[in-house]
Amino acid sequence: MIAPAQRAHPTGVVHLAKYSVWFGKIAALRDVDLHFAPQCITALIGPSGCGKSTLLRAINRLDDGMVDVSRRGQLLLDNRDIYDSTVSVSELRRRVGMVFQRSTPFPRSVFDNVAYGPRLNGLARGAELDDRVEQALRRAVLWDEVSDRLSESALHLSIGQQQRLCIARALANEPEVLLLDEPTSALDPSATQRIEELLYELRRALTIVLVTHNLHQAARVSDQTVFLDDGRVIEVGETRHLFTGPRETRTEAFITGRFG
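Residue numbers (the working numbering): 1 to 260.
Warning: the hint list may mix true and false statements.
Derived DEER-like restraints, expressed as beta-carbon distance ranges [to be verified]: (1) His35 - Ser70: 20 to 26 angstroms; (2) Arg204 - Asn79: 21 to 27 angstroms; (3) Ala27 - Asp78: 23 to 29 angstroms; (4) Trp143 - His213: 29 to 35 angstroms; (5) Ser70 - Asp130: 28 to 34 angstroms; (6) Tyr83 - Thr244: 49 to 55 angstroms; (7) Arg258 - Thr11: 37 to 43 angstroms; (8) Gly122 - Ala27: 35 to 41 angstroms; (9) Gly257 - Gly122: 26 to 32 angstroms; (10) Arg149 - Gly122: 25 to 31 angstroms; (11) Asp64 - Gly122: 20 to 26 angstroms; (12) Asn121 - Glu201: 32 to 38 angstroms.
It should be emphasised that the hints constitute simulated quantities derived from the structure, not laboratory data. Backbone N, C-alpha and C define an ideal beta-carbon position, used for all residues, glycine too.
All chains, full assembly: derive it from the sequences and hints.
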């Protein structure tokens, strides 16, 4: 099995072209044009209700089955529209991992949490499954803390460990894209630092999109930042430039705390 960091040709390029989403008559995203590159952390920032989480969920097709949802434009993964009728949603979600604001471990053992995806997707079994679980836990910087607790309930882990377990669970499927919706908002500073250090390592192999309300976090960990407001992309750019010299007055007003 080739480790993700050794892939000859980076995959996981996400591109949105004039992409809009409506819930009923309410526009949640409006003509969004964005490019998320591999080996890069992109932070999505903006006031509550601006469309950050809607955008994240769209990349994973988590709005499938919702009543009265309509879309326009394109959302591409490696130049293929994820809403094409030939796209397998289960395969999409293997390739695009999602970690939510609050840790969501299954009420199962630590091992079974991480093994769940590979078993479901038929990716590994037996000794190969054992190796995959260990690799995922190591990549999530959790193996040393749980290697002797694999048969214990994941619910017995600390909140910070549970969140890293959820990251390991996503990594066990060997995704190309990792989506994170405020993954540290419920964590203490020490656990937050661990997650941020982990993300910085994972960026060498993955496309990472991070929704955060913590502007300091966005400035610390991301390579690119997107500022959204009212469902629109107001500004996108290299993080250090966007925070030190934003082009748009609305961006400056938001990052300086004058609104939002």
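Tested hints:
1. His35 - Ser70: 20 to 26 angstroms: Holds, at about 24 angstroms.
2. Arg204 - Asn79: 21 to 27 angstroms: holds (23 angstroms)
3. Ala27 - Asp78: 23 to 29 angstroms: holds (28 angstroms)
4. Trp143 - His213: 29 to 35 angstroms: holds (30 angstroms)
5. Ser70 - Asp130: 28 to 34 angstroms: Since Ser70 and Asp130 have Cβ atoms about 45 angstroms apart, the given range 28 to 34 angstroms is violated.
6. Tyr83 - Thr244: 49 to 55 angstroms: Violated - the Cβ-Cβ distance for Tyr83 and Thr244, about 37 angstroms, lies outside 49 to 55 angstroms.
7. Arg258 - Thr11: 37 to 43 angstroms: Holds: the Cβ-Cβ distance is about 40 angstroms, inside 37 to 43 angstroms.
8. Gly122 - Ala27: 35 to 41 angstroms: holds (39 angstroms)
9. Gly257 - Gly122: 26 to 32 angstroms: The hinted range 26 to 32 angstroms is violated for Gly257 and Gly122, with Cβ atoms some 50 angstroms apart.
10. Arg149 - Gly122: 25 to 31 angstroms: Distance hint for Arg149, Gly122 holds at roughly 27 angstroms.
11. Asp64 - Gly122: 20 to 26 angstroms: holds (22 angstroms)
12. Asn121 - Glu201: 32 to 38 angstroms: Check failed, 24 angstroms falls outside 32 to 38 angstroms.
Consistency note: the structure conflicts with the earlier hints numbered 5, 6, 9 and 12.
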